[in-house]
Amino acid sequence: MELLEAIKSRRSIRRYKPDEVPRDVLEQLLLDAQWAPSNMNKQAWSLVAVRGEQRDQLVAIIKESVRYIRAKLDEEFKDKPKVVEFTVRFFENVGGAPVIVLVYIPEPGRPDVSEVKQSAYNFEHLTNVSSASAVVYNLTLLAHARGLATCWMAGPTYLAQRINEFLGTSHRELVAAVALGYPDHTPPVPPRKGHKIEWVGF
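Numbering of the sequence shown is given in the working numbering, commencing with residue 94 and proceeding in unit increments.
Treat each hint with caution, since some may be false.
[What the hints assert, rightly or not] Ranges between beta-carbon positions, derived for each pair: (1) R116 x A247: 36 to 44 Å; (2) N215 x Q254: 17 to 25 Å; (3) S223 x S105: 32 to 40 Å; (4) P199 x Q150: 23 to 31 Å; (5) K210 x H278: 42 to 50 Å; (6) G261 x S102: 18 to 26 Å; (7) V293 x F179: 38 to 46 Å; (8) V293 x E146: 25 to 33 Å; (9) P280 x P115: 21 to 29 Å; (10) V293 x D112: 30 to 38 Å; (11) G145 x P281: 27 to 35 Å; (12) H278 x F216: 36 to 44 Å.
[Stated by the list, open to error] Quick list of in silico lysine-lysine cross-link-like pairs, PhoX-like style, CA-CA up to 25 Å: (13) K171 x K156; (14) K289 x K165; (15) K175 x K165.
By construction, these hints were calculated from the structure, which means they are not laboratory data. Yeah, the Cβ is synthetic: ideal placement off N, Cα and C, and Gly gets one too.
With these hints in hand, go ahead and build the complete structure from the sequences.
Right, here's the structure in full:
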């Protein structure tokens, strides 16, 4: 699959087949996804792949994030109640995806009170989130090219502390959770929203 085709045909999938993703396939995807740009080549990210019984326990936490995003869904899709209900149902079991990939960055240290230190803190946090997001996008494209599917989720970050407690991890900030598996539906192509480009000096 060519790159442009992958970019244009990739979809956020919210219904998955029960088929397991082979360990070697998943491992290669996660390794390849990390060929992403990062500030000063720090590669300040870490990935946690969860499946099996632990996946079910994680999903039980993730589904509670609906209460944090429901109001936003109702507002954004007030004329499309079916979209809201479909999304809510997705969170009940993360669409049946057999694998959940959690993407982390280092937890930033407490900023100094000085303006310079605060700016440095903000800069490092922003660049770490941007770098980790590049990894997530790589993963979505690479999975799609292999016949797999993903759904990039931000909602679970509302429950980051509980997820960290479940994993027994600390000093890391959850940036995203990614559902991964074989797709069980093909969503329609969403229209592109225009007027997003400005030209200066042309």
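Hint by hint, here is what the structure shows:
1. Between R116 and A247, the C-beta spacing of about 27 Å breaks the proposed range 36 to 44 Å.
2. A C-beta distance of roughly 22 Å is found between N215 and Q254, which places it inside the suggested range of 17 to 25 Å.
3. For the pair S223 and S105, the beta carbons lie near 20 Å from each other, so the given range of 32 to 40 Å is not met.
4. At roughly 25 Å, the beta carbons of P199 and Q150 sit within the given window of 23 to 31 Å.
5. At roughly 49 Å, the beta carbons of K210 and H278 sit within the given window of 42 to 50 Å.
6. Look at G261 against S102: about 38 Å separates their beta carbons, and that is not inside 18 to 26 Å.
7. Under the hint 38 to 46 Å, the C-beta atoms of V293 and F179, about 40 Å apart, fit the expected range.
8. The hinted range of 25 to 33 Å is not satisfied by V293 and E146, whose Cβ atoms lie roughly 54 Å apart.
9. Separation of P280 from P115 is about 25 Å and conforms to the stated range, judged on CB atoms against 21 to 29 Å.
10. Roughly 49 Å separates the CB atoms of V293 and D112, a value that falls outside the hinted 30 to 38 Å.
11. As the Cβ distance of G145 to P281 is approximately 33 Å, the hint placing it in 27 to 35 Å holds.
12. Under the hint 36 to 44 Å, the C-beta atoms of H278 and F216, about 41 Å apart, fit the expected range.
13. Proximity of K171 to K156 is assessed by CA-CA distance (about 21 Å); at most 25 Å being required, the pair is judged to hold.
14. With a CA separation close to 23 Å, the supplied pair K289 and K165 stays within the 25 Å bound.
15. About 15 Å separates the Cα atoms of K175 and K165, which keeps this hinted pair within 25 Å; it holds.
Against the hints set out earlier in the document, violations occur for numbers 1, 3, 6, 8 and 10.
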